[in-house]
Amino acid sequence: MVTEQVKHTSNAARGVGKVTVMDGNKAAAYGALLSRVQVLAAYPITPQTPLVEYLSQFVADGALKADFVEVESEHSSLSVLHGASLAGARTFTATSGQGLALMYEPYNRTPTIRLPIVMGIATRDGISPQCVWGGHQDAINVRDAGWIQLFVEDNQEILDTVIMAYKIAEHPDVLLPVNVCYDGFYLSHMADRVEIPPQEIVDEFLPPYRPTHQILDPDNPMSIDPLTPNELFMEYRYKHLQALQRAKQVIADVDQEFASLFGRGYGGLIEKYRMDDAEIAIVGIGSPVGTARVAVDRARDEGKKIGLVKVRALRPFPREELVEALRNVRSVGVMDKNVCFGWGTGVLFMELRSAMLGVPKPPATVGFIDGLGGSDITMEHYARAIAIVDDSANGLAHQEITWLGLEEE
Amino acid sequence: MAGNLKQLSHKPERLASGHRLCAGCGAPIIVRQILSGVDGPLVIANATSCLQVTTSVYPYSNWRCSWIHSAFENTAATIGGVEAAYRALKKRGEIDEDYKFMAIGGDGGTFDIGLQSLSGALERGHKFVYVCYDNEAYMNTGVQRSSATPFGAWTTTSPVGEIGQGKLMGRKDLTAIVAAHRIPYVAQASPSHWKDMVTKAEKAFNADGPAFLNVISPCVPGWKYDTELTIKLAKSAVDSCYWPLYEIENGQYKVTYRPKEKKPVVEFLKPQGRFKHLLDPKNKQLLDNLQAQVDRDWEELLRKAGEG
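These protein sequence lines map, in sequence, to chains A and X. Throughout, the numbering used here is defined as the position within the first sequence, counted from one, plus 1200. Quick note: the second sequence, position 141, residue 121 per the numbering used here, numbers continuous.
Looking at chain X on its own, in the form it has when it is part of the complex (with noise of 0.2 Å):
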């Protein structure tokens, strides 16, 4: 599995050094620690985003695999198609080795706008694993809300004012409902969490079909904290049950790493500028509600797992 910090440091650098993401950016780090768990042929599709755009400013690329930018919402059809030519392929022999496919997007490229494709490409039952790296807005078009943003979150369109008090509903369990495709393997991970990461990217790669992992992606600009916090807050979500990790391994459900001590979720809240209005005693409701959702997902998880 996993194995240590030191055997990873020695693999192979497949997102090389140069790219143009921003100084604290949690998808670098996501990307890094999932391609350490896998090995060989690679082929990636990337949904246009922050990502996709700053590892491939033409005549440099940062990927040491072939990549192809689809575009924003078809990154998992473009994929079936890879895949789907690789097995038409291979079964004439015209290829010998053994490929690995992935597609990555944000959560806008997930979420949204290609959620349809998403569908579709796990329904189809290609074997390829899907990463959204969740910031939690449209980072790349200078924070929009989306349908990953959580309650109570300021975004340029659910601004605070005299009336608003940022988004207004809740997030969308994107986890649930690829798991309701029946996929082999589901899984949510964070970049604080590494040994975890890499042992689902692992899990993700070697299942027999499609595999999916949500991940935290903390984003500086996006969430308005100070650039050295970025692990500190995917560990904070975790901590306090706002982004639990867990898995959904042929159906049955794993939470792979459970709090000692459950943290309230204002502790992730505070450092963020995004959920700053938040913190005034006039919208202690909101905050509450907030809480109240986390809670209420915590429990849920915890029954499905059997734990509850």
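Looking at chain A on its own, in the form it has when it is part of the complex (with noise of 0.2 Å):
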């Protein structure tokens, strides 16, 4: 399901589509386009605000034929497209920390009565005290909500992913929604070279939305959501996490076709940097994976062995993908952007440790906390990670997470 890649290559002439630079809320504004969503709920939100403006903006020149419903928060946004993702129509909805935050109710019951949905959540830190910056804690604190939860590094990988993700939500082995998490200001406020395939081959790849499973067809009536007794609520959650498990094939071949279409693919799940000769390696997640790639390139000058493994998927989590792609590797170090409360640690760090438990020699892994707030991570704090995991690969001492920026001098 992994598969090395270089980024950004232009081989599938068909799928070249137009080059233009946009932010990361404008390029997922163009996923939803090319996505040809036909119901739109959202209320705007600091980082995701533009977003909205974009999408209405589509829909009043006539470019996205979509229904906007202008919804009063963000629990009514979420709600307005169960209602129309059960009438058969595919939607589209983006949010942010506070929003998401109130959108937990609606947010639960999305993936377990199994709606297509796909959301955008331009990351933010949360939520006290007032911080209306980045950070991945807003995402990661609803991982087991039962969505699929896709990260992305640039806003190229934005508008990209949005597409794939209504592929892979609406694929009858997964009927699941589908996050996709970009950096708030990072990603969402932050020009970068887009390239915008057109919208012939995206409608080759991404067929018109046919439910079958869960609609509101008076033709044959449903009665949705009805009071389930205690066997069958475990079958219903049995086969919901059998869905995630298998979303993880369709994820690598939703990567694949879309690679062999537009000529960029991402790896699936995980994608590996330079590591089929690595000792070591970084493991990061979202947009501080962009900066991991430029250290590890200088490290690689200065003739350390690294290389960069960059978790897609958050859910389902890619286990069977990094035990694999850390197998030869002596040290690991994980970049977190959000922290795991109770462990003392950042989430991918606990669930990279889980991943490795009860595999043969698996590497020593160490920790960092970095970018939470907003707070730059810079590439003075990749290289002092690098230190550390150099030095945890020769069995120097070191402490198991440490937060970049916050050591004392």
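Just so you know, these hints were derived from the structure itself, not from any lab. Just so you know, these numbers come straight off a predicted model, no measurement behind them. Hints are supplied without guarantee of correctness; some may be wrong.
Covered by chain A, according to a simulated footprint, are these stretches of chain X (three or more residues, beta-carbon under 8 Å) [stated by the list, open to error]: (1) 21 to 29; (2) 40 to 46; (3) 66 to 73; (4) 92 to 100.
The beta carbon of each residue, even a glycine, is placed where N, CA and C say it ideally should be.
The task is to assemble the complex, starting from two chains supplied on their own in separate frames and drawing on the hints.
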């Protein structure tokens, strides 16, 4: 399920699109536009707000033939999409931070009634003390609600992943909602080169949504979300978990298909970078991976045999893929832009540790927490992290978790 | 319009028998009356409530139409989404038939926790009928006070004791709040006046925009009365002007039923255990207070309807 590849090659001539510059919110809006969504519902919240404006403009211009429901809260935005998805429409929304917190109830209901809704999260740290800036805590906090959560690295990946998300969500083996998580401000507001794929090739890739599993069809009336007895409830949960596991293959397959049409893929669940002969590795998620690539290149220039693994899917968690990717390294540094309350670590660190349990001769793992509340993740931070990973590979004493930028001078 | 009882009785029942609501519950009577005012394909969103939980116990469903349990506070948003999808798909020629949309919730789900999403959906102009079956407390969780609970009423969270004598505050005038959204059709109805209710349901479903029906729904365990009194109590609420029947059609108020003789509110209260303490002479002040509230609201309604 894992492919080594170079990003942004354009060897698939048919799928080559117009190259332009846009921020991450606009890239997400283009993803929804090209996916021909039929019902939108969204409520503005920093740093997602421009996305709501872009989508409104698309509808006003007639470019996007969708019904835009301008709701009075995030709770209603997702509730509106529940009704719309059940009526057979392809739907889109996006939110962030407090908005996601307010959405908690319908957020949990979305996957458990198996609605293939796609929702962007312009990730933001949360919630107090007041902080409008980036961080992964909002999306991380709801990782166990049953959605598929894909984290992206740059604006091109936002656009492409929104399109892929529909194909994954609506796949009959999956039928689950997908979050496309992109870093608030670092991606949402940062202008970047983005290629807009041609509509006709997107149409070829993504056929119209035709629901059969849950549908409000008066000719065949269904009562949806009835009071459900205990054993059946357990069966539904089991099937839901199975669907999330099946989604691993679907995510990988959809990525391959996308790459073959559009000339760029993202590795599926994870992407490996310079891992072939790596002895130590960095594991990261989201936009900080972009910085990590440069840090790894520099360390390579200094002779360190280091590679990078980017986690795209936090849910389903790419357990086997990570074990395989890190099989030959001696030490791994996990970069978390979130915290795992009660463990004193980051969440990705905890989950990687769990994945490694029972693996013969697992690599040493050290964790790093950085970039909370929108603080900068600098090249110096990465240099420090890489030095610690190197030390741990050589059996030198190290602490389990290092808060980069908070260390005493 | 509504036709006669015989004609209505031949209409297919969209709420089948076998539900698990209490004997004497007002809610299924109300639903049947309202659904006899609408023909053709219908989608219903149902807020978490007694009605919802007793009509959809898997593997059974009492609903002979498309039905979705939303959550508690988002029923109007959910049906708004269905209606938005219908419009979007119809515009593309993917749907031919004309559909109707209805949301239904209790007073807790409407007056309180669902008020925001109701207001949003009304303001956005979704074409749907919202029905509140108002039994004046959180009955599904076992009789806790809501903002629809009247002054002086006992509930488990406005109990009667050494100091407490029921709810200290009056009820919210939700019908007026909804009317302030200037939607095409708003009405209050009662299951005791079936023809009035069916006529209002027909008007609501044919309104050019959102419509709202606020319906009083006697509750045997919550109001504490004998099972057979449901319709009599509903009638008594109307005859005492505790629950006036009126409509607001495109901003015009109209009292649709004016009792020949306005009965004292105590006649409505008497059979109900929740008001028992108000009949104690030491609480005469409270009873007078409740009567004064009813009189004030009735006179205000008559003024608005140009009948004052």
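Taking the hints in turn, this is what the structure says about them:
{"no.": "1", "hint": "21 to 29", "verdict": "holds (count 4)"}
{"no.": "2", "hint": "40 to 46", "verdict": "holds (count 5)"}
{"no.": "3", "hint": "66 to 73", "verdict": "holds (count 6)"}
{"no.": "4", "hint": "92 to 100", "verdict": "holds (count 4)"}
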